[in-house]
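Novice: Sequence:
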Amino acid sequence: MLHIAGQTAPRVAGVLLIIFIATALLACAQGESNVAAGNRDGVLHIGNGAEPQSLDPHVMSGSPEVRIARALFEGLVTPNPYSLEIEPGVAQRWEFSEDQRVITFFLNTEAKWSNGDPITSQDFVWSLQRALTPAMGNQLAYTLYPILNAEEFATGIITDPNAVGVKALDEYTLEVTLTNPTPYFLSLLASYVAYPVHRPTLEAHGQVTDRFTPWTRPENMVSNGPFTLQDWQLQRQITVVRSEQYWDAANVKLNAVVFHPIESEIAEEKMFRVNQLHYTERVPLNKIPTYRTANNSPYQQAPLLGSYYFVFNTLQSPGNDLRVRQALAMAIDRDTLVNTILQAAESSSVALTPPDIPNYQPPDLIEYNPDAARKRLAEAGYPDGQGWPGLDFIYNSSDSNRKVAVAAQQMWKNVLNIKVTLANQEWKVYLDTINERNFQMSREGWIGGYLDPVTFLGRFITDGGTNRTGFSNTRFDEIIQHLAPTAKTPEQRLQLLNEAETILMQQVPIIPIYTYTSKHLIQPSVKGAPANVLDLINFKYVRLASDADTWNAEE
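Those letters in the sequence shown? Residues 3 to 557, by the working numbering.
A couple of the hints might just be wrong.
Derived pair list, reagent style DSS-like, types lysine-lysine, alpha-carbon separation capped at 27 Å [claimed, not checked]:
#, residue 1, residue 2
1, LYS272, LYS529
2, LYS405, LYS421
3, LYS421, LYS272
4, LYS289, LYS255
5, LYS272, LYS289
6, LYS430, LYS415
7, LYS255, LYS529
8, LYS114, LYS169
9, LYS289, LYS405
10, LYS415, LYS377
11, LYS377, LYS430
12, LYS289, LYS529
13, LYS272, LYS430
Cβ pair distances, simulated, as ranges [unchecked claim]:
#, residue 1, residue 2, range
14, THR491, ALA251, 43 to 49 Å
15, PRO526, ASN82, 21 to 27 Å
16, ARG95, GLN508, 44 to 50 Å
Think of the hints as simulated: they come from the structure by calculation, not from any bench. A virtual CB, placed ideally from N, CA and C, is assigned to each residue, including glycine.
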């Protein structure tokens, strides 16, 4: 999942945000707060970062969208938020063949779409075929490549969708055939890329492979999760309400969830402080020390399977020169950046994959070395920065992203005597910019979907949907797509993946900066949303304790 920030958000969005906060503060002063009313009525108010780009699960790739999708949709299986173990979703149970290549899913006959239609095995066949259709432009299609012929169909080598290893044996029995045994495949099926979509609804509102059609509007959307889309007010809020058609509706405790798109973590913290939010997506860096020491602190920090890094466009000067990339990577003092700018709330990193993946040790190749950095830059033709052509660095709007970018900008100036120009963009604009590769350098982040290195490394195959670097390496592709999947032992597989990551780090299409932690402010009334390394909320587990105290900032 993508996380992405500069100077100021667009004026219109800024004005709307000011109006929204002012309205919320006035409401709080005049009467009941969102938190108090929500605790009573079972309505969760959650900060959600940026305005979502799309609610189509086969289009989205960012955290703001994915968080909402988890409330609206459900796959064959779903993760338990406490253990992260896979448990039944639409599928009641499943069986593996002896060679672990064929999985038979037995669907819950009580599972229904929000309009009352039954959910059938053919719905999953059609949805997975849509997710892989080349015309769909699904950036995460590659995550489904373990399925037999999925890659060949997604890349146009074969054109028959029925050749993909997904078959409806009968109305409620689905068979999925893999190319090779894939230990993390059930976790893939729990992710949004494998969510089903309602074919008649899509067909009624345009071409089914169009990326943006009215089917995702509240008056049109048909979904299958524990909640349905009731309201979408741009730059204000998105409201989902409990679905009476959901097969496990009796165990869904919330009546509604209101997602607030608040791009500024400063504004979000203020909203929490006046009891207008139960749960924040982030916490301003300068507020962390205060919350750490507060009585009955609402601050929750936990390890997160996520990486924050800078991205080069390796097809454009000056990032197309390996020596330049190496110089900029070695000029970053990650420990100082993390311990000062980031309030020691993250862990510095020199690799793409975080350290929390079982039995896997990422390579350690990039170090802070000013002398070597200056030497590499001189070898590239820019001694002491002379003749430097300039470099534009973009990031999506957030205070923490701005502080990290400014710190890196100053380090590059101090160590290399070069100028890097910073620019921020609103989330949707930023996604368009990086997806079109219309940048020289950018900031990105990725939250892993499952506990395996492939959730990070698989993104950087040649022409991968979220490989915005232009990086391409034949050996890297061979390992990720062929050698690792067919490795004879788990140990051999992880050794191959380490070789692939070593290649990536030697070529430096990205500069790892730090490993994430999740950081939230959470009201005491929120139950069933435990910290986990995927920072995942399964909304069917969440409830609000009506008798819980409301956290008071003055305490």
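Novice: All the hints need checking, so say for each whether the structure fits it.
Specialist: Right, here's what the structure says about each hint:
1. LYS272 / LYS529: Holds - the C-alpha atoms of LYS529 and LYS272 are around 22 Å apart, at most 27 Å.
2. LYS405 / LYS421: At roughly 17 Å apart (the allowed maximum being 27 Å), LYS421 and LYS405 satisfy the hint.
3. LYS421 / LYS272: Status violated; Cα separation ~35 Å.
4. LYS289 / LYS255: Violated: LYS289 and LYS255 sit about 32 Å apart, past 27 Å.
5. LYS272 / LYS289: Roughly 11 Å separates the two Cα atoms, so the pair holds.
6. LYS430 / LYS415: 30 Å, violated
7. LYS255 / LYS529: 10 Å, holds
8. LYS114 / LYS169: 20 Å, holds
9. LYS289 / LYS405: 14 Å, holds
10. LYS415 / LYS377: The hint holds at about 15 Å.
11. LYS377 / LYS430: 38 Å, violated
12. LYS289 / LYS529: 24 Å, holds
13. LYS272 / LYS430: Since the Cα atoms of LYS272 and LYS430 sit roughly 24 Å apart, the hinted pair holds (cutoff 27 Å).
14. THR491 / ALA251: 43 to 49 Å: With a Cβ separation near 44 Å, THR491 and ALA251 satisfy 43 to 49 Å, so the hint holds.
15. PRO526 / ASN82: 21 to 27 Å: 23 Å, holds
16. ARG95 / GLN508: 44 to 50 Å: 45 Å, holds
Against the hints set out earlier in the document, violations occur for numbers 3, 4, 6 and 11.
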